[in-house]
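Trainee: Chains as they are written, first to last, in this note's numbering: chain A, 1 to 279; chain B, 280 to 464.
Worth flagging that the hints you see were computed from the coordinates, not collected in a lab. Given the structure is predicted, the values throughout are model-derived calculations rather than measurements. Heads up, some of the hints might be wrong.
[What the hints assert, rightly or not] Result set (DSS-like, lysine-lysine): computed pairs, CA atoms no more than 27 angstroms apart in a straight line:
1) K167/A <-> K243/A
2) K99/A <-> K204/A
3) K167/A <-> K224/A
4) K204/A <-> K138/A
5) K298/B <-> K167/A
6) K168/A <-> K417/B
7) K413/B <-> K19/A
8) K304/B <-> K459/B
9) K62/A <-> K413/B
10) K224/A <-> K459/B
11) K224/A <-> K168/A
12) K417/B <-> K232/A
13) K243/A <-> K417/B
14) K62/A <-> K459/B
15) K62/A <-> K417/B
16) K459/B <-> K243/A
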Amino acid sequence: MRTIQAKEIIDAVAGMCIKANTELPDDVRTKFEQAMAEEESPSAREVLRQLLENADLAAETKLPLCQDTGLAVFFVEVGEDVRVEGATLREAINEGVRKGYGEGFLRKSACDPLTRANTGDNTPAIIHFDIVAGDRLKISYMAKGGGSENMSRVTMLAPAQGWEGIKKYVINRIAEAGPNPCPPTIVGIGVGGTFDHAARIAKKTLLRRLDDTHPDPQIAAMEKELEEAINKLGIGPMGLGGKTTVLGVKIAVEPCHLASLPLAVNVQCHSQRHEEVEL
Amino acid sequence: MAEYKLNTPLTDEDLSQLKAGDVVKLSGHIYTARDAAHKRLVDLLDKGEKLPFELKGAVVYYVGPSPAPPGRPIGAAGPTTSYRMDTYAPRLHSLGLKASVGKGKRNDEVKQALKDYTAVYFGATGGAGALLSKCITKAEVIAFDDLGPEAIRELTVEDFPLLVINDCHGGELYVQPDRKAAGIE
Numbered sequence: 001m002r003t004i005q006a007k008e009i010i011d012a013v014a015g016m017c018i019k020a021n022t023e024l025p026d027d028v029r030t031k032f033e034q035a036m037a038e039e040e041s042p043s044a045r046e047v048l049r050q051l052l053e054n055a056d057l058a059a060e061t062k063l064p065l066c067q068d069t070g071l072a073v074f075f076v077e078v079g080e081d082v083r084v085e086g087a088t089l090r091e092a093i094n095e096g097v098r099k100g101y102g103e104g105f106l107r108k109s110a111c112d113p114l115t116r117a118n119t120g121d122n123t124p125a126i127i128h129f130d131i132v133a134g135d136r137l138k139i140s141y142m143a144k145g146g147g148s149e150n151m152s153r154v155t156m157l158a159p160a161q162g163w164e165g166i167k168k169y170v171i172n173r174i175a176e177a178g179p180n181p182c183p184p185t186i187v188g189i190g191v192g193g194t195f196d197h198a199a200r201i202a203k204k205t206l207l208r209r210l211d212d213t214h215p216d217p218q219i220a221a222m223e224k225e226l227e228e229a230i231n232k233l234g235i236g237p238m239g240l241g242g243k244t245t246v247l248g249v250k251i252a253v254e255p256c257h258l259a260s261l262p263l264a265v266n267v268q269c270h271s272q273r274h275e276e277v278e279l
Numbered sequence: 280m281a282e283y284k285l286n287t288p289l290t291d292e293d294l295s296q297l298k299a300g301d302v303v304k305l306s307g308h309i310y311t312a313r314d315a316a317h318k319r320l321v322d323l324l325d326k327g328e329k330l331p332f333e334l335k336g337a338v339v340y341y342v343g344p345s346p347a348p349p350g351r352p353i354g355a356a357g358p359t360t361s362y363r364m365d366t367y368a369p370r371l372h373s374l375g376l377k378a379s380v381g382k383g384k385r386n387d388e389v390k391q392a393l394k395d396y397t398a399v400y401f402g403a404t405g406g407a408g409a410l411l412s413k414c415i416t417k418a419e420v421i422a423f424d425d426l427g428p429e430a431i432r433e434l435t436v437e438d439f440p441l442l443v444i445n446d447c448h449g450g451e452l453y454v455q456p457d458r459k460a461a462g463i464e
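In isolation and in its complexed conformation, chain B is listed as follows:
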């Protein structure tokens, strides 16, 4: 398990070296988007319109932060469960999205897209919303303000701690549950 420091935008060279289990400290700009925002992004693509941020080399963070208290750029900001974005992820990867950040399993289509377009799926610790917010130094809503917690924000992050869950070579970190040991097989 290696540890890397990477900066956005991410490149094929950055990602092809990563293997499931590696730790990445990410710095630069990342974009928040979850269910409703993804639907709108894909609607924009269908209409041939421009997206609110450059997809090439981009990292999308599946998060709906809590409101920022006075004196802080953002509230708690831990990852949401990723499978709900599986419908949208392959298309975004095909257009240059290099990584997503969330928690939980991805489907086979997403894993295939990671291989096809040299991209990765990062995990962040679910529920560690206060801790992760420490690495976010700036947050600005750049689209879909009406979606509230689901609006798209540009976050500036410093050494954001990530774990490679699915790499671009087909590797995966999640363990398979041992049903036999649990006595149901």
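With the rest of the complex left out, here is chain A:
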């Protein structure tokens, strides 16, 4: 059994919150630069130019890339042989969020859904735990902004609708969302599982790098097909027209009930802010 001190977790989480919100990931920057080279429309190029300038400025000044620093979402892999000392793992993560959002001057967006009263420190975080073999703790953090999250959907298709039905639903969703979620977006898709599980795996795909390739060649081909189809919608950066409506499409597929075909579409804005640490 390995012991990890809660303080180590708190500091790691606080650091991730600040870094992810002020430094644009290198894979996103590369995509912006590629898109700049391919876009012909002046307004599309201008939006991308502003986003690159924004990223430089955020890194230099430590201002957040976007004022919406999100709900703090975590995917945590907990080794079976790990114990946390000083606080529960959940408490340590929430304390890290409090510290990071406070010290980093990040916006606190968590509020009561009905009274709308702000909780004041961006907690509680949304935390998904997975128990895995070993004595390591892997914590992945994502800042999930409201504008893009609002454009996300879960639906239960009929099994007969198959891949064609999935494609149609996803493309329509992105067409409907139009300029609202800050395109070019990243689209996380969960196919299978149950109603709730589809949403969870869709969100988890947003942690993947934009330049990776799905290990299953069939799913990799589906990701490419959807990315190309969505980009043909012509929505473009900020909805002003252009070739870049999505920077990437990521799909997770898991077994489901024989009566069901759950589908979740989780839209992420162009600023795909995430970090991970392994302790």
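Following the hints, position chain B against chain A.
Mentor: Quick look at chain B alone, frame taken from chain A:
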């Protein structure tokens, strides 16, 4: 596509010349308000009370900035998605509000109100919160302090870069998605 430099408060003359796609560099005072603040503004109107700022000629920016770090007037301050304010916008335009600033689509009622009251809907680049904050030289909470990031602030802006999305003549800049090209029609 023309480029204009405008100062607040805005007038009918300022706005009737603008067309969707024009670039505007705005200077002067603008007011932040988003979901919760709009609800309170409309509650005040229902009760016949005075609003915390003069609506005539005013510009409302749909933003909830991040906290100001030491030495800066404001944190990151990019636009939030506008459709959530669609319920409130026509009434505010009818009382003299001249422009809103946000990102994303507006509904038909808002577009009609822009025509009826000679007003415009400006877009600012979503997510460019650090960059846009450079144009904000002063920020002061003037109402609803308890709403935190959603409080109403008076911002002093210099050459704030805006794009006319919906003009007062029915013009719109957003493209219609080409479902046929994407293979679903």
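Trainee: Please go over all the hints and tell whether each is borne out by the structure.
Mentor: Right, here's what the structure says about each hint:
1. K167/A <-> K243/A: Roughly 19 angstroms between the alpha carbons, so the hint for K167/A and K243/A holds.
2. K99/A <-> K204/A: 24 angstroms, holds
3. K167/A <-> K224/A: Satisfied, since the Cα-Cα distance of roughly 12 angstroms is no more than 27 angstroms.
4. K204/A <-> K138/A: 14 angstroms, holds
5. K298/B <-> K167/A: 36 angstroms, violated
6. K168/A <-> K417/B: 47 angstroms, violated
7. K413/B <-> K19/A: 21 angstroms, holds
8. K304/B <-> K459/B: 37 angstroms, violated
9. K62/A <-> K413/B: Holds. K62/A to K413/B sits at ~13 angstroms (cutoff 27 angstroms).
10. K224/A <-> K459/B: Between K224/A and K459/B the Cα gap is close to 18 angstroms, so the pair holds against 27 angstroms.
11. K224/A <-> K168/A: The given pair, whose Cα atoms are some 15 angstroms apart, holds under the 27 angstroms limit.
12. K417/B <-> K232/A: Not OK: K417/B and K232/A at ~42 angstroms, beyond 27 angstroms, violated.
13. K243/A <-> K417/B: Distance ~37 angstroms between K243/A and K417/B Cα, so the pair is violated.
14. K62/A <-> K459/B: 43 angstroms, violated
15. K62/A <-> K417/B: Judged against 27 angstroms, a Cα distance of about 19 angstroms means the pair holds.
16. K459/B <-> K243/A: 15 angstroms, holds
Consistency note: the structure conflicts with the earlier hints numbered 5, 6, 8, 12, 13 and 14.
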